Amino acid sequence: MRMLITGNHAAAYGARLARPQVIAAYPITPQSPIYEKLSEWDGEGTLGGRMMRVESEHSAMAACIAASLTGVRTFTATASQGLALMHEMLHFASGVRAPIVMVNVNRSLAAPWSFWSEQTDSLSQRDTGWLQFYVADNQETLDTVIQAYRISETIFLPSMVVLEAFYTSHFMEPVEIPDQAQVDEFLPPFEPAFRLDPGNPAAFSQTVTQGQYAQFRMKRHAAMEDALHVAEHVDTQYQGQFGRGYGLMDCYRLEDAEVVVVTAGTIGSTARVAIDTMREEGRKAGMVRIRLFRPFPKTQLIEALKHVKKIAVIDRNLSVGQEGIFCGELKSALYSWTERIPVFGFVLGLGGTNVSPLHIRGALDFIERYDHAPAKPIFDIEGCNE
Amino acid sequence: MNRENVYTDLLYPGHMACAGCGEVIGLKLVLQAAGERVVAVVVPSCLGIILGPFPYSSFRIPVFHAAFETAASSAAGISNALLSKGDNETIVLALAGDGGTTDIGFQALSGAADRNEDIIYCCFDNEGYMNTGIQVSSSTPQHAWTMTTPLGKPQKKKNMVEIMGAHRIPYAASACACFPDDLRIKVMEAKKIKGMRYIHILSPCPTGWRYQEKLTPTIGRLAVETNYYPLYEIRNGEDYRITHQSRNLPVDSYLEAQGRFSHLTRRDSDAIQREVDRSWDDLNRRLK
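If you're matching them up, the sequences are chains S and P in order.
Start counting the first sequence at 1; every next residue gets the next number (our numbering).
Start counting the second sequence at 1; every next residue gets the next number (our numbering).
These aren't lab readings, by the way, just hints derived from the structure by calculation.
Keep in mind that this is a model prediction, so the values were computed, not measured.
Idealized CB from N, CA, C, for every residue including glycine.
Be aware that a few hints might be false.
Dumping the calculated SDA-like pairs for lysine to any residue here, alpha-carbon to alpha-carbon at most 20 Å [unchecked claim]:
no.: 1; chain 1: S; residue 1: LYS306; chain 2: S; residue 2: GLU368
no.: 2; chain 1: P; residue 1: LYS158; chain 2: P; residue 2: MET188
no.: 3; chain 1: P; residue 1: LYS85; chain 2: S; residue 2: LEU47
no.: 4; chain 1: S; residue 1: LYS219; chain 2: P; residue 2: PRO55
no.: 5; chain 1: P; residue 1: LYS192; chain 2: S; residue 2: PRO198
no.: 6; chain 1: P; residue 1: LYS194; chain 2: S; residue 2: PHE194
no.: 7; chain 1: P; residue 1: LYS85; chain 2: S; residue 2: MET51
no.: 8; chain 1: P; residue 1: LYS85; chain 2: S; residue 2: PRO201
no.: 9; chain 1: P; residue 1: LYS85; chain 2: S; residue 2: PHE194
no.: 10; chain 1: P; residue 1: LYS156; chain 2: P; residue 2: LEU283
no.: 11; chain 1: S; residue 1: LYS376; chain 2: S; residue 2: VAL343
no.: 12; chain 1: S; residue 1: LYS219; chain 2: P; residue 2: PHE54
no.: 13; chain 1: S; residue 1: LYS331; chain 2: S; residue 2: ASP371
no.: 14; chain 1: P; residue 1: LYS85; chain 2: S; residue 2: LYS219
no.: 15; chain 1: P; residue 1: LYS85; chain 2: S; residue 2: PRO189
no.: 16; chain 1: P; residue 1: LYS28; chain 2: S; residue 2: LEU109
no.: 17; chain 1: P; residue 1: LYS28; chain 2: S; residue 2: LYS219
no.: 18; chain 1: S; residue 1: LYS310; chain 2: S; residue 2: ARG369
Not the full set, but computed from the structure, chain P residues with beta-carbon under 10 Å of chain S [as the list claims (entries may be wrong)]:
no.: 19; residue: CYS18
no.: 20; residue: VAL39
no.: 21; residue: GLN107
no.: 22; residue: ARG115
Partner residues aside, some chain S positions facing chain P, computed with beta carbon under 7 Å [unchecked claim]:
no.: 23; residue: GLY49
no.: 24; residue: MET52
no.: 25; residue: VAL54
no.: 26; residue: ALA66
no.: 27; residue: ALA67
no.: 28; residue: LEU69
no.: 29; residue: PHE204
no.: 30; residue: SER205
no.: 31; residue: GLN206
Let the sequences and hints guide you as you build the complete structure.
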């Protein structure tokens, strides 16, 4: 069935199709329409699972963790301050290997107060042991939520599906809603071997020794490394069944590209327009939109980018005192490649400011003019401020 | 033989509580009365120590050692998960200390009470952060010494039973580890009811209260017999019942037995007696 819906509603449809048994949520702009849509279905009796209208995001995540350990599929959604409040529980969720799926709608963090798109909220949760998918449109939102359950429940780590405030969350697009029977076939019921069960008493997340702790940490890392192959495999299977696949990254006109934009989220859609125009002018421009941020697809990125001459990373986020976060991650990944490719870091679109095709073009023009990338992030591109 | 009073112990011996611990007595009684069809949450507190290190467990029931402030939200998550699987028989216990309940876990507890989650929440109140080395909590009584109130706590103890009663939950009660039958009966009463049930269990602590280990039963009984800590229950926020008629002993007998009150002047203890009398009258006025 094809429907004209927002990114938030696409997330809600994706979640309902996955048949979560416990959903715990708390309102926050711009995520609230997900919570409202799920509540509407709960009221109609078509949700399927139990809805917990909790008093904070911290409790939402705590409830999802405990429910997941009881052996049921769980879902929650949040944004910005709510995600930051959950921070402690994000480490906990991956530590107890609870395969929760959460949608985060990227929103700028206070202070000062702001409600628009910026990725710093989710990127600040980089080290919590969650998979992170950055999506570019509403269809990808729905599909990624379903894929994320399958991936998470294979490797027993939680997943965050990240869309952008308003650009994705409130924008309406035609979305293909898969049949429930097909999704059921793709995503079998969640049946973990270990769970809180009065018939089989066991203690979960006990105190451990230093050595045991180190072992648990390394196991979590190994599972995260497995996630790369699992995510690729699940995406291929999804494509086979539903006709839509996304890969770990979205590579656009990359084959013979010399100057390349690397970005994530909706800026990737904008970049396509700019690159098409530049290609018409005979310039060899291309784009990589990173979809899976954790685990970071290092070898796949080297493979995709090793032939290019220069890279412009466009980050809608900032690690204050350092640079854009995707830029830092990409530089780190490319360090193990024998050739040195100059990586120019642009920090654009902070606080939800617009990144137009003009900015993409401006960034690629800029890197063509210089042989060496500056150590500092570039915040302004001459002639691009509308 | 009357089988009603034969309980199965669901706490193994060899746990790691301090000698003379009042809390572990209360825990044993709660688990006896709750029975075997139980899933429990414990949060960081002395309970986490009693539970023991990986891969051992002193509990004979499934237990999740959750984050500090999440006793209520984690228990609610388990309860909803069980209900989603059609299991409305298993009892879900939230077991927390007074810091995890009256301070850091207060918001999650109030939220769970507001939603009338189907859990039994037991607060083991040893009147301070004893697990971390005797720091003040909002459940520490006025004038008591702790490592962070070396001159005595200026503020009064937070009254959690009244606060939970004010949430209009089906069942809220005070209990004490040193009144075993009263405590077990309250857990069994709670089991008969669905929705949010809260039991506040005074748990004398020789380590933090500064008294000899063998005095735990005496101290707990004195707390009740002086009306310093009355045993009662509140149903639906309005139906009050005192479950143990006290002997109205002078509060001095309770205070003088503990090192944490050794600095009190006559004026201090007289003030405490007046406060105890006032609270006792207040409670009695609420009885129907």
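Here is what the structure says about each hint:
1. LYS306(S) / GLU368(S): 17 Å, holds
2. LYS158(P) / MET188(P): Violated, because 26 Å separates the two Cα atoms, which is more than 20 Å.
3. LYS85(P) / LEU47(S): Given that 20 Å is the threshold and the Cα spacing comes to 15 Å, the pair holds.
4. LYS219(S) / PRO55(P): 17 Å, holds
5. LYS192(P) / PRO198(S): The given pair, whose Cα atoms are some 19 Å apart, holds under the 20 Å limit.
6. LYS194(P) / PHE194(S): Roughly 27 Å separates the two Cα atoms, so the pair is violated.
7. LYS85(P) / MET51(S): Status holds; Cα separation ~14 Å.
8. LYS85(P) / PRO201(S): 18 Å, holds
9. LYS85(P) / PHE194(S): Holds - the C-alpha atoms of PHE194(S) and LYS85(P) are around 16 Å apart, at most 20 Å.
10. LYS156(P) / LEU283(P): This hinted pair holds, its Cα atoms lying about 17 Å apart.
11. LYS376(S) / VAL343(S): OK: LYS376(S) and VAL343(S) at ~11 Å, within 20 Å.
12. LYS219(S) / PHE54(P): Holds. LYS219(S) to PHE54(P) sits at ~16 Å (cutoff 20 Å).
13. LYS331(S) / ASP371(S): Holds. LYS331(S) to ASP371(S) sits at ~16 Å (cutoff 20 Å).
14. LYS85(P) / LYS219(S): Between LYS85(P) and LYS219(S) the Cα gap is close to 30 Å, so the pair fails against 20 Å, i.e. violated.
15. LYS85(P) / PRO189(S): 12 Å, holds
16. LYS28(P) / LEU109(S): 46 Å, violated
17. LYS28(P) / LYS219(S): Violated, because 35 Å separates the two Cα atoms, which is more than 20 Å.
18. LYS310(S) / ARG369(S): 11 Å, holds
19. CYS18: With a minimum Cβ separation of about 17 Å from chain S (threshold 10 Å), the hint on CYS18(P) is violated.
20. VAL39: With a closest approach of 5 Å, the VAL39(P) hint holds.
21. GLN107: Where the cut-off is 10 Å and the nearest Cβ of chain S is about 6 Å from GLN107(P), the hint holds.
22. ARG115: 7 Å, holds
23. GLY49: 6 Å, holds
24. MET52: Holds - the Cβ of MET52(S) comes within 7 Å of chain P, reaching about 6 Å at its closest.
25. VAL54: Holds - the Cβ of VAL54(S) comes within 7 Å of chain P, reaching about 6 Å at its closest.
26. ALA66: The hint holds - ALA66(S) has a Cβ within 7 Å of chain P, the shortest such distance being about 3 Å.
27. ALA67: 4 Å, holds
28. LEU69: 6 Å, holds
29. PHE204: 5 Å, holds
30. SER205: With a closest approach of 5 Å, the SER205(S) hint holds.
31. GLN206: Because about 4 Å separates GLN206(S) from the closest Cβ in chain P, which is inside the 7 Å limit, the hint holds.
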